[in-house]
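Engineer: Each chain is listed here by its residues.
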Amino acid sequence: MNDELQALRAEADSALAACADPRALEALRVGLLGRSGRLTLLLRDLGKTAPEARRERGAALNRLRDELAARIEARGAELEAAALAARLAAERVDVTLPPRPRENGTIHPISRTMEEMAAIFGAMGFAVAEGPDVEDDWRNFGALNIPEHHSARQDMDTFYLPGEREGRRRVLRTHTSPVQIRTMLASPPPIRVIAPGRTYRADHDATHSPMFHQCEGLAIDRDLTLGHLKGCLIDFLRAFFAAPALPVRFRASYFPFTEPSMEVDIGWNRRTGEIGRGGDWLEILGSGMVHPRVLANCGLDPREWQGFAFGMGVERVTMLKHGINDLRPFYESDLRWLRHYGFSPFAPPMLHEGV
Amino acid sequence: MKFTRAWLGEHLDSEAPLATLTERLSAIGLEVEGVEDRGAALAPFRIAHVVEAARHPNADRLSACKVDAGEGIVSVVCGAPNARTGMKAVFAPPGSVIPGSGVTLKVGQIRGVESAGMLLSAREMGLGADHEGIVELPADAPVGAPYAAWAGLDDPVIEIAVTPNRGDALAVRGVARDLAAAGLGRLKPWAAAPVAGAFASRWRFAIEMPEVCPYVLGRTIRGLRNGASPRWLAERLEAVGLRPINALVDITNFFTIDLGRPLHVFDTAKLSGGVLTLRPGRGERFAGLHGREVSPGAEDCVIADAAGVQALAGVVGGEASGCDAGTREIFLECAWFDPRRIALTGRRHQIASDARARFERGIDVALMPAAVEAASRMILDLCGGEASEVVAAGTPPAWERQARLRFARLAELGGAAVAPERAVAILGALGFEERARDGASVTVAVPPWRRDVAAGGGLDLPPGMAEAAVRAAEAGAAAIEPEADLVEEVLRIVGLDSVPAVSLPRAAAVPAASLDPRQGRVALARRLLAGLGLQECVSFSFLAAGEAARFGQAPASLRLENPIASDLDQLRPTPLASLVLAAARNGARGFADGALFEIGPGFTEAAEGGQRLMAAGLRAGTTARHWAAPARARDAFDAKADALALLGALEVPMAALTVTTEAPAHYHPGRAGTIRQGPRLVLGHFGELHPALLGAMGISGRAAGFEVDFEAVAPPRARRRAAPALSPFQPLRRDFAFLVGREVAAEAVLRAARAAERELIAEVALFDVYEGPELAEGMRSLALEVVFQPREKSLTEAEIEAACARVVAAVAAATGARLR
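Chains as they are written, first to last, in my numbering: chain A, 12 to 366; chain B, 39 to 858.
Accuracy of the hints is not assured; some may be wrong.
Quick look at which bits of chain A chain B covers, simulated, 3 or more residues with Cβ under 8 Å [said to hold, decoys possible]:
no. : segment
1   : 20-28
2   : 58-68
3   : 122-132
4   : 137-149
5   : 247-256
6   : 281-288
7   : 333-345
Think of the hints as simulated: they come from the structure by calculation, not from any bench.
Ideal Cβ positions, reconstructed from N, Cα and C, are used throughout, including at glycine.
I would like the entire structure built from these sequences, with the hints used as guidance.
Structural biologist: Next comes the structure, spelled out in structure tokens:
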């Protein structure tokens, strides 16, 4: 390479270093390698060179052209990176600012409990059955072996609606048991259903609400015994309270629609509210073998069919499971309470994820 | 039902500790509601003689006493005004805890005088409110004896809940019988020694209402003196919560509790005529012994003399013929009343008496003669006098029944392995006498006190049941019910805890879904709405009729006849009403901005089908203030988005939905709409709530809500999806700005654009709405993006232009719009 080319390269070098932006770089490229760029002109003038030196000079010129082109490109990339870095620096935001609000809704604890019941009893082969809140007093009382004069009708503080259906008074159902009657009338055994739903009694104080929820259970088959009833309830209670060793106690009792009838207690600690240990007993639900009269009232021959039924308070087991000690806020829709005790809609009770 | 341990001991020979007794009572169906052991807290206190009560040398109001409580004389400083020399009092030694205050006594100096104990008032012992002075005991009270035992307070009081089927357990004897059967002792024999009749009774009964009172016994007792009851009787009644009145009344109360056998005594001096007639009421008025006036009607049975009504039979006696200190002659009544009729009379007059509680559960008919003799004996013992012959009217109702138990049923129904011997023994102990027995079964006689066992009676069948089914049901119930009764008796005594628990056999290896498709969609809807940021509420199904009326309808058929409060008297037409009330409450607490939803019933009529499951949501107030976006009021489009998201999740065919601009009156008339599937089927409504309604219900800002009717949403068609048409050609997007009259619904423009090229147009989106002065009056501009999706080949410019022209023409034809 002769001095002329050396000088040109040195000149280009310093010009490249001085280039501060893509536009200056482009001007430099045009000035060197463009159509009338200095190197282009030198190449064009190659023909004027003596033939013996032409080959060598041509090679040197081409080398220099390739070299400069590469360096310009590299410089361009450098400048681009610098420019991007500068832009990104300018785009900086304070990422500690709060994001756009997105409120999370929740599932009410009562709904949650009823879904847990559907999941656990579902695993035992129970389907969810439903019935209307406005019933007649045959389905709510008569069919369930609670005759007109029976004291249970007074105990239950029934709400009445005007008018009659088929000569029977209209009532707001006082328990979910009418769904037993509807189920037995609608479909032949074997039957395994639970019926969670709204129930109503004319009672209002710190521990009673005029509307509350129950979950009824009914299983009818040819050979179900009180032993199955006990097994079914123990299996449910231990799954529901996630307490595999939960103590469960059965006491004789009386309900017009079952015989034998049992009250069911679970072990807990009266002082701390802890479920499963503590040496105290807490009454939690009523149950029994379906009374032969109830079967017969629904057209089932009790010589052929038998089974069991149970009913539990949804709020009661919800309060126990989650340590909620006041009944009234369940129905008050206080946003703070709902957010506090509500459940994520994205974690529904599923047996394979854990109820 | 309350009784004391000692009273139980009159009928039950048992060494069982109290805790064992109560545990067994609960296990066999006589649930213990409480045990009050008043003696436990009083155990350290002894009867003391105040040898000397002198004035305290350093305090005017205190006495310095020398007290002898059986262990030498001690010095006690006492502040009671009634402390005096020679009296008998109750002494608390140092170290004892005073029940009234919880203080532990120590020996101390009070103003320079030693005080080594305390003399107690009733309140300090927790025995009442009396704190006027220390308790003063009779002069013959034994010094040094434990006070509680002397006063009869060391006898624990047990209270049990008696279920409606167990009239026999409303008697100490009945409780004792159950405990004996359960292995906790021996039932003591009981028999009444007959009292010979000395004369013919001047009084007799006449029955004119045999359907209520088929049988009654009576006896005159004359020449008696009615004073205070002896201490044992008064204490027993007091312990179980009954106020002693006088010997005659106390004796009848005693037998009510002891044998479950209510009796009544009439003071014959206050009666007229010679006959007490059991007859229907005639609307007369009389003063009852419960302190209120009673007016029995034709459905009620009364006991009347020549002057008028003297008692409401089986429920409450009359004040006018009641016994008092002046009573010298009585007529004793021991009757059997029909349980159903007594229950109805008691409920009609709202009188809850001990007599009614027993008569309505059923009284032991066979016990009547012995009860008369036992009561006569006690009256003669306590009040003197002589008894007449017993008079009777009517005939005793038949009570003899038998029931058969196949031993195998104990396992087949009860799941319990009980040996036949044991079953028969338990039934025997409960009074069910064996009448016949073979290897497989036993037939027993039902005792007269167990009206609940093998009671029989008709079924309560629904109308329209087939004749054959009715016969099978009746025969089946008749065959099975008595046996189930006996299985229950055996099991409750054996103990239900001993029945082995058996997990249910699996109906299928993998259980079927417990929710049906509709229930599953409701669960999905709940999760979706919560996922959209709404909080789920569960509200009362009833509210004030006036509030309900704001949401469309409040028919009388849905108004409770006996509401618990006037603001809870009407079944709600929609859960949205409950949410508005909830939002108002939250606003009043300072939380005006919130999003709520409820899935629950709305009621249109009382008839079946008049209850509709609805989802309602409400967004009240404004969005949250945020640095990146200003707060804005919740509007109809928030509610519309919620409703459409819900319908989409329910797999409603969204293309088939139309939104029209009318809505129910609880919505803002210009900012609400109705969502339909097809031209008619209404799926729901959405929009801003009517400002007047919000104002009236206590919400100052705006709120937008929606209602979706699950009953109207059809189940999605179960079908396999066809393979999607995934075109290899790029879609083309073209924007159009249409100038259109303001009265034209945007949806009409969108619909027309979409329909212009069914094959080619994949999507039409509205991205701008402009109204401004440079537009002609009454016009607005709607900007649409139309996505053309070629499927067979790329489109040429000419084809694109033609397609665009068809969009413009279709929109123009449908809505009168033109390109801007």
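Engineer: Look at each hint and say if it fits the structure.
Structural biologist: Here is how each hint holds up against the structure:
1. 20-28: violated (count 0)
2. 58-68: Answer violated; 0 residues pass the 8 Å Cβ test.
3. 122-132: Per the Cβ count (5), the hint holds.
4. 137-149: holds (count 8)
5. 247-256: violated (count 0)
6. 281-288: As far as the segment 281-288 of chain A goes, the hint is violated, because 0 residues have Cβ atoms under 8 Å from chain B.
7. 333-345: holds (count 5)
The structure shown violates the earlier hints numbered 1, 2, 5, 6.
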